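K.L.:
Work the whole structure out from these sequences, hints included.
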Amino acid sequence: MMNVEAVKIEELLPPPFQQPRPKAMKRTVALSSFGTPFVWLLGGMLGIALVMILGLLLLILIMGSLTFWPQKIVHFETVEGKRYLGEVTRVETYRPSNEQVGELPEAYRERAQKFLESRQGVSERYLVRTGNYELTNTHFNWVSDFQIQLTTYPEWAFVWERLSWGRFYGIPMGFQVDGKTVTEDPKETYRAFREHFPEVQRKRKQIHYLEKEVLGSLNYRLEQARLNVRDKDLKLRKAAEESREGRQQALQKATAAYNSMKESIEAEYSKIRTQIETLKTETQRYALLMQVSDGGVVPLPLATIVRGYPANQLGWFEKLSVYIERWKEFLLEEPREANSEGGVFPAIFGTVVMTLLMSLIVSPLGVIAALYLREYARAGALVSAVRIALNNLAGVPSIVFGVFGLGFFCYFLGSSIDRAFFEARLPNPTFGTGGILWSALTLSLLTLPVVIVASEEALAAVPNSMREGAYACGASKWQTIQRIVIPRALPGILTGMILAMARGAGEVAPLMLVGAVKLAPELPIDRNFPFIHLERSFMHLGFHIYDVGFQSQNSEAAKPMVFTTTLLLILIIVILNLVAIYLRNRLYRKFISREV
Amino acid sequence: MLVDTKDARIQETMNAIVRVSHGMEVEPAIHPALSDLADPEVVLRIKDFSLWYGKAQTLFRIGMDIPKGKVTALIGPSGCGKSTLLRSVNRLNDLIDGVQISGDMLLNGDSIYAPDVDVIELRKRMGMVAQKPNPFPMSIYENVVFPLRIDGIRDRRILDEVCERSLRGAALWDEVKDRLHDSALALSGGQQQRLCIARAIAADPEVLLMDEPASSLDPIATAKVEELIHQLRGEYTILIVTHNMQQAARVSDFTAFMYMGRLIEYAPTGVMFVKPQLKETEDYILGRFG
Chain X
1 MMNVEAVKIE ELLPPPFQQP RPKAMKRTVA LSSFGTPFVW LLGGMLGIAL
51 VMILGLLLLI LIMGSLTFWP QKIVHFETVE GKRYLGEVTR VETYRPSNEQ
101 VGELPEAYRE RAQKFLESRQ GVSERYLVRT GNYELTNTHF NWVSDFQIQL
151 TTYPEWAFVW ERLSWGRFYG IPMGFQVDGK TVTEDPKETY RAFREHFPEV
201 QRKRKQIHYL EKEVLGSLNY RLEQARLNVR DKDLKLRKAA EESREGRQQA
251 LQKATAAYNS MKESIEAEYS KIRTQIETLK TETQRYALLM QVSDGGVVPL
301 PLATIVRGYP ANQLGWFEKL SVYIERWKEF LLEEPREANS EGGVFPAIFG
351 TVVMTLLMSL IVSPLGVIAA LYLREYARAG ALVSAVRIAL NNLAGVPSIV
401 FGVFGLGFFC YFLGSSIDRA FFEARLPNPT FGTGGILWSA LTLSLLTLPV
451 VIVASEEALA AVPNSMREGA YACGASKWQT IQRIVIPRAL PGILTGMILA
501 MARGAGEVAP LMLVGAVKLA PELPIDRNFP FIHLERSFMH LGFHIYDVGF
551 QSQNSEAAKP MVFTTTLLLI LIIVILNLVA IYLRNRLYRK FISREV
Chain W
1 MLVDTKDARI QETMNAIVRV SHGMEVEPAI HPALSDLADP EVVLRIKDFS
51 LWYGKAQTLF RIGMDIPKGK VTALIGPSGC GKSTLLRSVN RLNDLIDGVQ
101 ISGDMLLNGD SIYAPDVDVI ELRKRMGMVA QKPNPFPMSI YENVVFPLRI
151 DGIRDRRILD EVCERSLRGA ALWDEVKDRL HDSALALSGG QQQRLCIARA
201 IAADPEVLLM DEPASSLDPI ATAKVEELIH QLRGEYTILI VTHNMQQAAR
251 VSDFTAFMYM GRLIEYAPTG VMFVKPQLKE TEDYILGRFG
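Note that the protein sequences, when read in sequence, are chains X and W.
Start counting the first sequence at 1; every next residue gets the next number (this note's numbering).
Start counting the second sequence at 1; every next residue gets the next number (this note's numbering).
To be clear, the hints were calculated from the coordinates, so they are not data collected in a lab.
From a predicted model like this one, the values you see are computed outputs, not experimental measurements.
Incorrect hints may appear among the rest.
Stated by the list, open to error - Using 27 angstroms as the maximum straight-line C-alpha spacing, the simulated DSSO-like pairs for lysine-lysine come out as follows:
(1) W:K132 x W:K279
(2) X:K590 x W:K177
(3) X:K253 x X:K280
(4) X:K180 x X:K203
(5) X:K590 x W:K132
(6) X:K477 x X:K319
(7) W:K70 x X:K477
(8) X:K280 x X:K205
(9) X:K262 x X:K235
P.N.:
What follows is the structure in structure tokens.
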């Protein structure tokens, strides 16, 4: 039975129109069409690079600039009864073994064990620079915190920097003049020291001047005269029969000159020697009496002292003045104690002179080569081959350049020069060994590709319309290059030179073979004729870093100097670069655009 | 084809274009006023000149005389060879590899393409103004006297005098006289172009070549350059390339229409723009193609 009433009117009507609901379409969009994730990626990469570079620079800056800041002098007394007086240079945490604790005296063993247990077995140990090498045969000592019984900062503890044997730590107990003790009070002693030290310093400078400058130049003159005699002698031996007479006379004249000069110089020499001796005895009149950590009292002659200060009494300004004084010494003095102390002036000088010399050699070479490649050479297989060869040259390990420089410049070119011009000095080589000229030439080869590639790009960037404008005025090719192309490309060429300079100044490996040495007190430029001695070996900051850091006997003391020297090298490169960048921007404003 | 081919005029135009593009030679229509000029009236005679870039021929037997002291405009659609012709006059095309020519040009009777010609000396007898201003990276003063400098002239008085005369000639003197020793690159585009004109007239050229000198300038600078060309008329012979026909009509005395490397028509500007002889010219001038 159908239930009629159950049928509603709505059901009889057609259903109302309903737009079919679209199937949910999956809209995908390529990730790459959003810029954001890639911005993060790119920015992140840059960030990582920046963090690495800035981290390194910051480490060098902090470590390098803290080296000279005066530290407090601490006095440790250990449970074994040992005493250490010195500066804490490093702090480390470590886990001492049971044996180490077992070595302690019985009475303290338990206490030390408890101390370690309270710290989960971790102990701190201090590296104390105790100095006094001639007494203790060591510069540094490790002291662990569980060993320490008493830590004090003695008011009158002094640190003395000396000409030899490294630092000296102690407490002044008296001042001696001519072996007689004049005072025994620390304060009075320090006063006496300050009274007499300037005099000692002045005399020491005088001695240094006499020994180095006066005697040095006497030696130099005598050596020149001797070489002259030898030269004339060699010429006589080689001379043909008819010119023998004249040669003979020349030899006699030279010998006579040498002999008379020898006499006068020897007289002068002994005069200066006695002068030096008197000065030396005068400086040795004064001595400090220092009490060292084990209680003994030793004399410390003022003549051996460079600088000293009561480290635990210094105020901020006094510390600053010590700091500045040390920097001054570092920048302006010669090194002493196998380079681990003193200054690096010869190395600064050598680095700057070598880098400038290198730039002087490499820029004309590179620019001329680039000019030929870009302006004259016809594009072809040969030019492409040259370009590939240049780029490969940039990838050759720098030590290979060093080997080449040693073989070609020093042994081949240098020996030839020696045989031709400096025969009198043989068998001692003049140019036939490493020297600043050969180093500069070797580094020029090393940096040549950089300069050529950068110069070529700069030349290519000169608009063709400018060249055509010059040709249309009736300029020849060379006039166009000289008056239009080179000035316009100069900023770009300078950029190449900046890159080359930065590369060359930091390079060490080839220099070790062709001229950089551990110690070269004679600078390549001095007061003796001919003033510029390009054959001399020189000191280089990069090599100095290697030498101080890895070749030094007292490497722990030299370690801070590594950072300081690195800081200095980086600063020098930055300064050289800034000068070049300033020049480039000036040229850029002048030749390319005013809006920079 | 979207062109209504039933229109007879357009049909004829198309035929002419097809004729030229199939290499059939069209005899150029040279106005009687220009066809038989005596030597003293002519600065530059172009004689049967053809040019090839590699294998592609871009100029086909061009022959025309450029009259002295007048402004002659070269017009034609892009790629018709008008710039190439202009650059052939001072042999700048020599700088491009693979350029070959036949025929010759005569500058005041002296052959330009004879084998013994010193190109550098030849270029010194002409001035050129490029499409884009190309001042040299030096001071305004040095830019203007550059043609004298490369001749080794050092006399300050001569240089000063030439500099002032040229800058006055290029209507730039009043704007730059206080900063002659500033960089030329600091000038505005229009000033740079007028500086280039000053440089081009510094060595008293026998003919002044201008390659679309106003095409990269704004309307005001363009007007100034055109005014300058007006002023230079009479004193200098000017050969100017332009693809702006209004400009050609405004500045030139004579107009040559080039198409596909050929000279089509050469006539006084007044005649050319009012009643050209050939249909091709009329169609181009009226903007039916190009």
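K.L.:
Take a quick look at whether K477 of chain X and K319 of chain X sit within 27 angstroms of each other, Cα to Cα.
P.N.:
violated, 65 angstroms
K.L.:
Compare the distance between the alpha carbons of K262 of chain X and K235 of chain X with 27 angstroms, and conclude whether the hinted pair is satisfied.
P.N.:
The hint holds at about 22 angstroms.
K.L.:
Does the alpha-carbon distance linking K253 of chain X and K280 of chain X stay inside the 27 angstroms limit?
P.N.:
Outside the cut-off at roughly 39 angstroms; violated.
K.L.:
Hinted pair, alpha-carbon criterion (27 angstroms max): K590 of chain X, K132 of chain W. Please report holds or violated.
P.N.:
Roughly 20 angstroms separates the two Cα atoms, so the pair holds.
K.L.:
For the pair we were handed, K180 of chain X and K203 of chain X, check the Cα-Cα distance against 27 angstroms.
P.N.:
holds, 21 angstroms
K.L.:
Compare the distance between the alpha carbons of K280 of chain X and K205 of chain X with 27 angstroms, and conclude whether the hinted pair is satisfied.
P.N.:
holds, 11 angstroms
K.L.:
Has the given pair, K132 of chain W with K279 of chain W, been kept, meaning a C-alpha gap of at most 27 angstroms?
P.N.:
The given pair, whose Cα atoms are some 33 angstroms apart, is violated under the 27 angstroms limit.
K.L.:
For the pair we were handed, K70 of chain W and K477 of chain X, check the Cα-Cα distance against 27 angstroms.
P.N.:
Outside the cut-off at roughly 32 angstroms; violated.
K.L.:
Does K177 of chain W sit within 27 angstroms of K590 of chain X, going by the straight-line distance between their CA atoms?
P.N.:
Status holds; Cα separation ~19 angstroms.
In terms of the numbered hints stated before, the structure departs from hints 1, 3, 6 and 7, listed from lowest to highest.
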